[in-house]
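S.K.: Listed here are the chains, written in short residue letters.
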Amino acid sequence: EPEVTQTPSHQVTQMGQEVILRCVPISNHLYFYWYRQILGQKVEFLVSFYNNEISEKSEIFDDQFSVERPDGSNFTLKIRSTKLEDSAMYFCASSERFHNNQPQHFGDGTRLSIL
Amino acid sequence: DAKTTQPNSMESNEEEPVHLPCNHSTISGTDYIHWYRQLPSQGPEYVIHGLTSNVNNRMASLAIAEDRKSSTLILHRATLRDAAVYYCILRDVEGGSNTGKLIFGQGTTLQVKP
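Top to bottom, those sequences are chains P and H.
Position 105 of the first sequence, counted from 1, bears residue number 105 in our numbering, the numbering being contiguous throughout.
Position 23 of the second sequence, counted from 1, bears residue number 23 in our numbering, the numbering being contiguous throughout.
Hints are computed from structural coordinates only; laboratory data are not their basis.
Simulated crosslink set (DSSO-like; lysine-lysine; CA at most 27 Å straight-line):
no., chain 1, residue 1, chain 2, residue 2
1, H, K113, P, K42
2, P, K42, P, K57
3, P, K42, H, K3
4, H, K3, H, K69
5, P, K42, P, K83
6, H, K69, P, K42
7, P, K57, H, K3
Have a look at the derived ranges for each label pair, beta carbon to beta carbon:
no., chain 1, residue 1, chain 2, residue 2, range
8, H, S53, P, G16, 51 to 59 Å
9, P, M15, H, S53, 48 to 56 Å
10, P, V24, H, H19, 30 to 38 Å
11, H, T5, P, V12, 31 to 39 Å
12, P, L39, H, E16, 28 to 36 Å
13, P, S9, H, T79, 24 to 32 Å
14, P, G40, H, R58, 29 to 37 Å
15, P, H99, H, N54, 18 to 26 Å
16, P, Q41, H, E16, 29 to 37 Å
17, P, S113, H, K3, 27 to 35 Å
Since the model is a prediction, treat every value here as computed from it, not as a measurement.
No residue lacks a Cβ here, since even glycine has one placed at the ideal position from N, Cα and C.
Please put together the full structure from these sequences, using the hints given.
M.R.: And the structure:
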């Protein structure tokens with residue numbers, strides 16, 4: 001069964017450094033998402049992306065965050081100047097369509113640790 | 001966004017059925033009811049969804065109340081691998097366009113005893 005893959009599985013970065021989290025969505029999916037989960041807390045929506053544009057972003061997704069689909073297969077989340085509070089699991093997801101009966105398929109996440 | 005209410009935790013014995021309840025009294029007519037689960041150290045996983053009628057798939061069954069104000073996820077025969085956090089999520093259409101985002105609550109933590 002096709003799956004969403006994320007790399008790296010664990011990223012350790014010094015505060016203030018830039019980090020790029022990578023995702024390969026399911027090949028025929030057109031809609032992409034990033035979520036994050038701080039340890040012990042709820043999964044939180046960050047951003048949705050379609051047709052090379054952000055469709056929606058949450059309040060968490062401020063100017064230090066950006067997303068890109070640099071080629072036909074990858075979908076990346078960049079954090080420009082990391083803060084301690086950015087430490088979390090980051091999950092990428094994809095779906096065929098936005099419609100509210102379409103499931104989203106998640107990767108197993110990247111654990112981001114900011115020192 | 002319409003909200004859901006789930007018990008914080010439930011326990012089950014292995015190989016027995018599990019009924020996970022969800023209340024969504026403010027559900028609108030166009031809200032689909034989705035269930036996801038999150039196994040330890042993994043990303044959320046789609047389980048099942050429905051609108052009005054009961055639904056079955058290889059993972060579970062979804063029973064939806066006639067007034068749609070509640071639903072129940074049914075695992076017919078729990079295994080140790082089913083120990084996870086189960087999320088009941090309403091997918092709504094906002095202002096005529098679907099934003100696509102999932103809004104996760106705290107979910108129900110299911111423990112399965114051998």
